[in-house]
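Visitor: Sequence:
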Amino acid sequence: MSTSNKKARLATVWLGGCAGCHMSLLDLDERIVDVLGLVDLVYSPVADIKVFPQDVDVTLVEGAICNEENLHLAREIRERSKLVVAFGDCAITGNVPSIRNRMKLDGILTSVYTDSFYREGPGPMPNTETGLPVLLPRVVPLHQVIDVDVHLPGCPPAPERIWAAINAILSGGPIELPVEMRSFG
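Under our numbering, think of the first position of the sequence shown as 734, with each following residue one higher.
It is possible that part of the hints are untrue.
Claimed, not checked - Calculated cross-link-like contacts (lysine to aspartate or glutamate; reagent style DMTMM-like; alpha-carbon spacing at most 20 Å): (1) Lys740 / Glu801; (2) Lys815 / Glu909; (3) Lys783 / Glu812; (4) Lys815 / Asp773; (5) Lys740 / Glu802; (6) Lys815 / Asp882; (7) Lys815 / Asp790; (8) Lys815 / Asp880; (9) Lys740 / Asp773; (10) Lys740 / Asp767; (11) Lys783 / Asp767; (12) Lys783 / Asp773; (13) Lys739 / Glu802; (14) Lys739 / Asp767; (15) Lys783 / Glu802; (16) Lys739 / Asp781; (17) Lys837 / Glu801; (18) Lys815 / Asp839; (19) Lys815 / Asp788; (20) Lys739 / Glu801.
Hints in this document: simulated from the structure, not taken from any laboratory.
Start from the sequences, fold in the hints, and give me the full structure.
Guide: This is the structure in structure tokens:
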């Protein structure tokens, strides 16, 4: 990624999804040490960094765009990243989070927080004025709100697929996964 001896600046982001892609990244096992030898991890849900930094070389974005907070962060990522990777099927297609698109948005919070089958009575409604991001009318994949440079499919992508993609990206070579690594799901 970089022509000098400077390490690439890597960010990973978790938007609307289950964190499975990040778990698969951690499943690189000892190869994660090799990755960390090649990059400076500048933002990630596994690190306590609150503000998305400037001048990021590569950002792996997991999850769909579900709310205004996701939308704001996605736009910030695009402005501050040289290369944006849609990391996993939720980022690429909307996948499981987009099931919400079949439901009436105005009743979804009531359904989840007060009318749940698993509750023994109404639960407290969340106070959307003090912390919950406003839901978007529809859940959408990442490429519908920002330009995406690379799509890394899988639910979650297998560690071997992540390893192949990261190596290609960091080496500056073509980002072409073998045919057997291009499937969704």
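Visitor: Would you check the hint for Lys815 and Asp790, treating anything up to 20 Å between C-alpha atoms as holding?
Guide: holds, 5 Å
Visitor: Is the hinted pair Lys740 and Glu801 satisfied, with a Cα-Cα distance of at most 20 Å?
Guide: violated, 32 Å
Visitor: Between the alpha carbons of Lys815 and Asp788, is the straight-line distance 20 Å or under?
Guide: holds, 7 Å
Visitor: CA of Lys739 to CA of Glu802, is that 20 Å or under?
Guide: violated, 32 Å
Visitor: Can the restraint linking Lys815 and Asp839 be considered satisfied, given a maximum Cα separation of 20 Å?
Guide: violated, 37 Å
Visitor: Is the hinted pair Lys783 and Asp773 satisfied, with a Cα-Cα distance of at most 20 Å?
Guide: holds, 16 Å
Visitor: Hinted pair, alpha-carbon criterion (20 Å max): Lys783, Glu812. Please report holds or violated.
Guide: holds, 17 Å
Visitor: Verify the proposed pairing of Lys815 with Glu909, using a straight-line Cα cut of 20 Å.
Guide: Distance of about 18 Å is within 20 Å: holds.
Visitor: Does Glu802 lie within 20 Å of Lys783 when you go C-alpha to C-alpha?
Guide: The hint holds at about 13 Å.
Visitor: Between Lys740 and Glu802, does the CA-CA distance stay at or below 20 Å?
Guide: Answer violated: Lys740 to Glu802 is near 29 Å, above 20 Å.
Visitor: For the pair supplied as a hint, Lys815 and Asp880, confirm whether the alpha-carbon distance does not exceed 20 Å.
Guide: holds, 11 Å
Visitor: What's the verdict on Lys783 and Asp767, does the C-alpha distance respect the 20 Å limit or exceed it?
Guide: violated, 25 Å
Checked against the numbered hints given earlier, this structure breaks hints 1, 5, 11, 13, 16, 18, 20; the rest are met.
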